[in-house]
Structure formats: structure tokens, C-alpha cells
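Colleague: Hey, can you work out the whole structure from these sequences and the hints?
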Amino acid sequence: MQLTFIIFFIYAYIPLVQNTQQQIELDEISIKPTVGEPWPKPQSIQTTSVRFAVHPAAFHFLTNETSQQCDLLRNAFDRYYKIIFFPQTYMLHLTDPLLADIKIHHLKEALRNVSDLGDVTLLKRLIVNIEQPCEEWPRLESNESYTLVVKEGHALLDAVSVWGALRGLETFSQLIYPDSDLQFAINETTIYDFPRFQHRGFLLDTGTHFISQKTLKINLEAMAQSKMNVFHFHIVDDQSFPYDSITYPELSGKGAFDRNHIYSQADIGELLEFARQRGIRVFIEFDSPAHSRSWGRAYDILTQCYSEKKPNNKLGPMDPSRNTTFEFLKNFFHEVAQIFPDRYVHLGADEVYFDCWESNPSITQFMRQMEFGTNYSLLEQYFMQTLINIVNATGKNYVVWQDIIDNNVTLQTDTV
Numbered sequence: 024m025q026l027t028f029i030i031f032f033i034y035a036y037i038p039l040v041q042n043t044q045q046q047i048e049l050d051e052i053s054i055k056p057t058v059g060e061p062w063p064k065p066q067s068i069q070t071t072s073v074r075f076a077v078h079p080a081a082f083h084f085l086t087n088e089t090s091q092q093c094d095l096l097r098n099a100f101d102r103y104y105k106i107i108f109f110p111q112t113y114m115l116h117l118t119d120p121l122l123a124d125i126k127i128h129h130l131k132e133a134l135r136n137v138s139d140l141g142d143v144t145l146l147k148r149l150i151v152n153i154e155q156p157c158e159e160w161p162r163l164e165s166n167e168s169y170t171l172v173v174k175e176g177h178a179l180l181d182a183v184s185v186w187g188a189l190r191g192l193e194t195f196s197q198l199i200y201p202d203s204d205l206q207f208a209i210n211e212t213t214i215y216d217f218p219r220f221q222h223r224g225f226l227l228d229t230g231t232h233f234i235s236q237k238t239l240k241i242n243l244e245a246m247a248q249s250k251m252n253v254f255h256f257h258i259v260d261d262q263s264f265p266y267d268s269i270t271y272p273e274l275s276g277k278g279a280f281d282r283n284h285i286y287s288q289a290d291i292g293e294l295l296e297f298a299r300q301r302g303i304r305v306f307i308e309f310d311s312p313a314h315s316r317s318w319g320r321a322y323d324i325l326t327q328c329y330s331e332k333k334p335n336n337k338l339g340p341m342d343p344s345r346n347t348t349f350e351f352l353k354n355f356f357h358e359v360a361q362i363f364p365d366r367y368v369h370l371g372a373d374e375v376y377f378d379c380w381e382s383n384p385s386i387t388q389f390m391r392q393m394e395f396g397t398n399y400s401l402l403e404q405y406f407m408q409t410l411i412n413i414v415n416a417t418g419k420n421y422v423v424w425q426d427i428i429d430n431n432v433t434l435q436t437d438t439v
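Each step along the sequence shown adds one to the number in my numbering, with nothing skipped, and position 5 is 28.
Keep in mind that the hints were calculated from the coordinates and are not lab data.
It is possible that part of the hints are untrue.
Stated by the list, open to error - Under the rule of at most 30 Å between Cα atoms (straight-line distance), these lysine-lysine pairs were calculated in the DSBU-like manner:
| no. | residue 1 | residue 2 |
| --- | --- | --- |
| 1 | LYS64 | LYS105 |
| 2 | LYS353 | LYS419 |
| 3 | LYS353 | LYS337 |
| 4 | LYS277 | LYS419 |
| 5 | LYS240 | LYS131 |
| 6 | LYS105 | LYS237 |
| 7 | LYS64 | LYS240 |
| 8 | LYS174 | LYS105 |
| 9 | LYS131 | LYS147 |
| 10 | LYS64 | LYS237 |
| 11 | LYS147 | LYS174 |
| 12 | LYS277 | LYS333 |
| 13 | LYS277 | LYS240 |
| 14 | LYS174 | LYS64 |
| 15 | LYS419 | LYS240 |
| 16 | LYS126 | LYS240 |
| 17 | LYS277 | LYS105 |
| 18 | LYS147 | LYS105 |
| 19 | LYS337 | LYS277 |
| 20 | LYS131 | LYS105 |
| 21 | LYS131 | LYS277 |
| 22 | LYS174 | LYS237 |
| 23 | LYS174 | LYS131 |
| 24 | LYS126 | LYS105 |
| 25 | LYS64 | LYS147 |
| 26 | LYS126 | LYS147 |
Said to hold, decoys possible - Pairwise CB distance ranges (calculated):
| no. | residue 1 | residue 2 | range |
| --- | --- | --- | --- |
| 27 | GLU164 | ASP124 | 34 to 44 Å |
| 28 | GLN111 | ASN336 | 48 to 58 Å |
| 29 | GLN425 | PRO364 | 55 to 65 Å |
| 30 | GLY396 | THR238 | 26 to 36 Å |
| 31 | ILE241 | ILE269 | 21 to 31 Å |
| 32 | THR118 | GLN91 | 24 to 34 Å |
| 33 | ARG148 | ALA245 | 20 to 30 Å |
| 34 | GLN236 | ARG391 | 40 to 50 Å |
| 35 | ASN336 | THR118 | 26 to 36 Å |
Quick reminder that beta carbons are idealized off the backbone N, C-alpha and C, glycines included.
Modeller: This is the structure in C-alpha cells:
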């Protein structure tokens, strides 16, 4: 009994000593947050120790003649003014703008007056110049470069396009930091920046797990702060169809988790505009021919699976042997092309398993008619090529997942 106790004590004491030593080591690590440093790191940045005070009552955004016609810039000025000087209220603007404005009013009353700052140099304005007229929607080819110079009295932001100006405004907001003496401060800085990658995307899957409009906006806000520019909206999947289609309303009526977990056309329009204001493309994905069980709850477009030459009440991928499948897809993607402004539509084409197609006698007969033999990759290629033709006819380009290439399907040279 005594031996058992001694052994237990030794084994219990050793981890305790180890944990204590590890804690001491952690306590000795000095972690300092960055102050006035942009994210991600610009291509070129030069900064000095010279500081300027920035006060909300004395600071203004100014524009050149081209920039004055741009609603995106005007809205961005209002947004970044709040982000810079009242960051503690900004996320509240996404859910309750009226309450956020009330809080800003109280915060302004608590601020020190400009005269209280004493004999310091104030940064009074940021002058924003864009060369090109204001575009309506961001594109893959959009120029996002900018130059930002902060010097005594004012700052200058030059960009080719409004999208570059938005990235520069984000950087400018990150350069300003709280200061005990100046309240808000910024260092003398010169930055030249452009993105290393034109497509900087973030995917959210709302078909497997529904994500609220509020949470989607919070993610878009975080993307803008990180200068990401593509929201890959994987909107539907096997589990649910939350997109509220105009052409086929029963897709969400029967395919969504319930009526409370749907993105209405108003929701989609609001989300597209929210992303546009931040220079973010919404890259929509409607997966096919697999990952489509939710589609089949409302419309007869899926393949009936068989076991021992009898229907087994299971459904597989979309049925390529029926013209009605493609007529449905033609009507649906015509709507998609009207609703989503980006040039690209993601068509999925991942995880297409052939066992259900192989079991279906109508598919087998269709394979013989098409002289595909038993090569179901050719059937998948037939489906995708027909769908690609449909999408191209709407004026859109398409994107697919890697799996289709792994299945030895031959695609066009412009495939992304």
C-alpha cells in the first residue's frame, strides 16, 4: 500500500513540475501587438518615428474630380471614419445602425478637444485620387495597386481604380493607432502596394450548415480587413438548398432545412451589395451533377438507383440521359446569370460516383446510344459539356473542381 502511494506521488509530481516549468517559460515570452502596421505586409513600406496626431473633429477625406463621381468611395469614407475613430461600435453598425450612431455620439462627447492636444502636428486630410472612372463591380482583372504617402499636414492616396483605393483606405485605417498623448496617431509613412495574387478567395459552405446573413457579413468584413477579394459562395449541397429561386421556388420550398433557413432574393441582393462596397467578388457555386440530393426533393432531375434490377428508392447524381434535366438546368442558370454579376460561375463537378449511373437501365441504354461503351467518364464529360454550353450561352465563364480531371474527363482549354 505504501509503495503504491509513493509511485502515485512520483507520477503525479513529475507532470506538475513539468507544467510549472512550461508556465514559467511562457511567462518569460514577451508578445507585443503590432502598432500602426498594415496587414498583409505591403510590397514596399518605409516608415519613420515622426508622428502626427489624428483627431475626428479635424480630419477629412478629400477626392479629385474622378473620385467625386464614385459612390463606392463616398460610402467607404463614411465606413472608414467609423472604423478609424470608433472601432468599438463598428460591428454594431452591421446589426443595429441606429444604436451604433447613438454610441458614437456619446463617444464623441468623451473625446478630448483638438485644442487640448497642444502644439502637435495634425494630419488633417487624406486626399484620394483615382485615375479610372468608378467601376460598378470588381473583376478578376481589376487593378488593386495603390500608393499611400503620409507626411506633415496631409496624406495622399493614389490608385488606378476604385478597388485599389479601397485597399489603400484599409491600409490607411490600419496605420492609425491609439496613443495616450495624441489620442490617435499615425507615423510618417510611404507605401507602394499591389496584390501578389489576383484571386484571394475564402469559401463558405451554406448548404451543409446554414450561415446567417449577419455572420456572412461579418466574414465579408474580415475579408476586407485582410484584403481578400473573392467570396466563394458554396450556397447549396446535398443537405439543403437555401437559395430562393425565382424560376423554381420549390427548390428552397422543399430543399431548404426549413423556411427560416433560406436566402431570399432580397438577402442575396443585400449580400452582393455589401461585398461590392468592399471590393469583393461573389463567386457563386451550384454543384452538379453530384451533391444535388436537395435539388431532387422538389424536381425530378436525379438518377434513380437500382439494386438487383429494381429501384431501391435511392437517388444518385443528375440524370444525363433525359433532355428534361438539361431543360431544367438551362432555365435555372439563365436565372443565375441574371442575379449574380460576376463573370464566373462554379459548376462543382466533384465527387461524382458512377455506381448509381451503372445500376440504372435507362442510363445503360443511353450509354449504348451514345457509343460510350462502359466508360462512365464519357457520360460525365457529356453532362458537363452540355452544362458548360448552357452556361456559356448566358455569357458566363465556368469553374470546376479538380475531381473531374481525375476522372479522365476531357475539358476545354479555357477551363478554370
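Colleague: Could you run down the list of hints and mark each one as holding or not?
Modeller: Results for each hint:
| no. | hint | in the structure |
| --- | --- | --- |
| 1 | LYS64 - LYS105 | holds, 23 Å |
| 2 | LYS353 - LYS419 | holds, 13 Å |
| 3 | LYS353 - LYS337 | holds, 25 Å |
| 4 | LYS277 - LYS419 | holds, 28 Å |
| 5 | LYS240 - LYS131 | holds, 26 Å |
| 6 | LYS105 - LYS237 | holds, 19 Å |
| 7 | LYS64 - LYS240 | holds, 24 Å |
| 8 | LYS174 - LYS105 | holds, 22 Å |
| 9 | LYS131 - LYS147 | holds, 17 Å |
| 10 | LYS64 - LYS237 | holds, 29 Å |
| 11 | LYS147 - LYS174 | holds, 11 Å |
| 12 | LYS277 - LYS333 | holds, 26 Å |
| 13 | LYS277 - LYS240 | holds, 26 Å |
| 14 | LYS174 - LYS64 | holds, 20 Å |
| 15 | LYS419 - LYS240 | holds, 26 Å |
| 16 | LYS126 - LYS240 | holds, 21 Å |
| 17 | LYS277 - LYS105 | violated, 42 Å |
| 18 | LYS147 - LYS105 | holds, 16 Å |
| 19 | LYS337 - LYS277 | holds, 17 Å |
| 20 | LYS131 - LYS105 | holds, 11 Å |
| 21 | LYS131 - LYS277 | violated, 50 Å |
| 22 | LYS174 - LYS237 | violated, 38 Å |
| 23 | LYS174 - LYS131 | holds, 26 Å |
| 24 | LYS126 - LYS105 | holds, 11 Å |
| 25 | LYS64 - LYS147 | holds, 25 Å |
| 26 | LYS126 - LYS147 | holds, 24 Å |
| 27 | GLU164 - ASP124: 34 to 44 Å | holds, 38 Å |
| 28 | GLN111 - ASN336: 48 to 58 Å | holds, 56 Å |
| 29 | GLN425 - PRO364: 55 to 65 Å | violated, 26 Å |
| 30 | GLY396 - THR238: 26 to 36 Å | violated, 48 Å |
| 31 | ILE241 - ILE269: 21 to 31 Å | holds, 27 Å |
| 32 | THR118 - GLN91: 24 to 34 Å | holds, 31 Å |
| 33 | ARG148 - ALA245: 20 to 30 Å | holds, 28 Å |
| 34 | GLN236 - ARG391: 40 to 50 Å | holds, 49 Å |
| 35 | ASN336 - THR118: 26 to 36 Å | violated, 44 Å |
Hint check: violations occur at hints 17, 21, 22, 29, 30 and 35; the rest are consistent with the structure.
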